Amino acid sequence: MNNTNRALNRIILLLIGIVSLLLGAAAVAVIVWPEAAEFWTRAGKAIGAWIEQAIEATMIGGTTLSWLTLAVLALILLLVILLIVALVRTIGGSRSHMVFRSNGQENPLGRLTIEEGFVSDALKYSLGQRSEILFSNVTANDIRNQPVMHVSVTPRQNTSPRHVTEDVDQLVINLAAMTGRDVPTFISIHSGFRAKLARDQRRLA
Amino acid sequence: MSTPVFRRIVRRETHSPRTVAMIIAVVILIVALVYAGVEIVLHLLAQPALLWGPAAVSAWIVGLPTAQPTSAVVAGGIVLALIGLAFVVLALAPGRLPKHQMNWADRAVVVDNGVIASSLAQHLSDETGIARDNISVGVSHRRVDVTVTPRPGVPLDEERVRELAETEMESYQLTPSVKTRVRPLRRQESDLNS
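Chains as they are written, first to last, in this note's numbering: chain A, 482 to 686; chain B, 9 to 202.
It is worth saying that the hints were derived from the structure and are not from the lab.
All values reported here derive from a predicted model rather than from experimental measurement.
Treat the hints loosely; a few may be bogus.
Computed spacing ranges between beta-carbons, pair by pair [unchecked claim]:
hint, chain 1, residue 1, chain 2, residue 2, range
1, B, Leu-90, A, Trp-514, 15 to 23 Å
2, A, Phe-616, B, Ala-57, 29 to 37 Å
3, A, Glu-596, B, Arg-151, 40 to 48 Å
4, A, Gln-651, B, Leu-100, 37 to 45 Å
5, B, Pro-12, A, Tyr-606, 30 to 38 Å
6, B, Leu-90, A, Phe-599, 50 to 58 Å
7, B, Ser-179, A, Leu-563, 48 to 56 Å
8, A, Ile-572, B, Leu-90, 46 to 54 Å
9, A, Leu-496, B, Asp-165, 53 to 61 Å
10, B, Leu-100, A, Phe-616, 30 to 38 Å
11, B, Thr-155, A, Phe-674, 22 to 30 Å
12, B, Val-49, A, Tyr-606, 54 to 62 Å
Glycine is no exception: its CB is placed at the ideal position from the N, C-alpha and C atoms.
Taking the hints into account, I'd like the entire structure generated from these sequences.
Written out as structure tokens, the structure is:
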């Protein structure tokens with residue numbers, strides 16, 4: 482899970498959507514509705530004249546440049562930068578680098594620290610031992626400045642999600658007993674292509 | 009445990025982020041803006057326009073009501089309006105994903121509807137002895153549809169199947185809760201003969 486700003490996604494979509502909708506509707510209206518066409522032409526000419534005047538009035542002395550044109554260019558540049566920032570922000574979440582256990586420097590051999598990577602590998606290995614679980618992934622993310630462990634599992638088809646959750650729950654409890662830190666855990670159980678391709682019964686062996 | 013954090017996770021996992029639609033819209037907008045900027049700069053440098061200079065574009069916009077061919081303008085307008093409408097709908101619709109939350113002490117659990125469906129079908133098959141292939145289950149946001157094809161000559165105890173399904177679904181403790189419906193499917197004549 483990442484921290485994409487979903488409200489921002491929707492606001493950007495809504496604004497672009499409304500503008501496109503209005504422009505499209507206007508293009509149709511001026512063709513099929515004579516009054517709209519007349520208004521369009523009148524308004525268009527008035528705005529055109531106003532822009533020409535504004536450009537004349539804001540000419541930079543001795544050049545053919547106008548402040549207005551530069552302002553428009555600056556505005557376009559600003560918008561493009563803002564939009565690119567919005568795009569880049571959707572990429573990447575916030576991986577947590579939480580420490581599960583650390584003995585400080587009590588040990589004469591040095592410091593022992595158990596980090597998220599070790600815990601993730603341990604859980605994945607334990608889950609991999611179970612025949613009903615095809616695929617699992619464990620990550621830790623910071624959500625509202627709080628580390629949360631995300632265990633994602635894809636069980637074999639026809640496996641009860643309750644049993645899967647019980648298994649994962651037990652593993653997380655064991656892990657908490659070992660590391661001494663009970664991290665809030667989010668479990669997601671997935672179906673999907675991998676589950677459909679695999680044999681739905683576990684093999685008896 | 010930390011309920012606000014769990015609530016946030018579950019909400020985010022069961023609803024679409026709309027990231028793909030946003031990226032498409034923003035990329036189109038960036039391309040349009042960059043193109044407009046390039047044309048303005050070329051105009052300022054007194055260079056020939058790439059396609060249409062600012063003067064040509066503004067003349068075309070003012071003369072839109074008389075632009076030819078009119079059918080192309082109308083078609084373009086309709087397409088643009090439909091794209092806009094699609095974006096507005098995407099922005100406002102809830103965008104629920106086919107998943108349910110399973111209530112579980114101390115953990116946040118989100119399950120794909122497909123997992124619930126296949127698990128329920130397997131459970132019904134185990135309990136009733138009906139072949140797994142003859143039970144199909146569909147799970148939607150608020151409803152579970154169980155379709156059973158009984159073996160020829162064996163009457164189907166619909167009530168028992170419904171009870172089994174409801175008990176199993178209750179044990180999952182899904183949010184939002186679902187209603188169970190059982191539908192027996194008559195075998196086709198051709199199936200009997202084959």
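For each hint, the structure was consulted:
no.: 1; hint: Leu-90/B <-> Trp-514/A: 15 to 23 Å; verdict: 19 Å, holds
no.: 2; hint: Phe-616/A <-> Ala-57/B: 29 to 37 Å; verdict: 54 Å, violated
no.: 3; hint: Glu-596/A <-> Arg-151/B: 40 to 48 Å; verdict: 44 Å, holds
no.: 4; hint: Gln-651/A <-> Leu-100/B: 37 to 45 Å; verdict: 42 Å, holds
no.: 5; hint: Pro-12/B <-> Tyr-606/A: 30 to 38 Å; verdict: 32 Å, holds
no.: 6; hint: Leu-90/B <-> Phe-599/A: 50 to 58 Å; verdict: 52 Å, holds
no.: 7; hint: Ser-179/B <-> Leu-563/A: 48 to 56 Å; verdict: 50 Å, holds
no.: 8; hint: Ile-572/A <-> Leu-90/B: 46 to 54 Å; verdict: 29 Å, violated
no.: 9; hint: Leu-496/A <-> Asp-165/B: 53 to 61 Å; verdict: 57 Å, holds
no.: 10; hint: Leu-100/B <-> Phe-616/A: 30 to 38 Å; verdict: 35 Å, holds
no.: 11; hint: Thr-155/B <-> Phe-674/A: 22 to 30 Å; verdict: 24 Å, holds
no.: 12; hint: Val-49/B <-> Tyr-606/A: 54 to 62 Å; verdict: 58 Å, holds
In this structure, the hints that do not hold are numbers 2, 8, in rising order.
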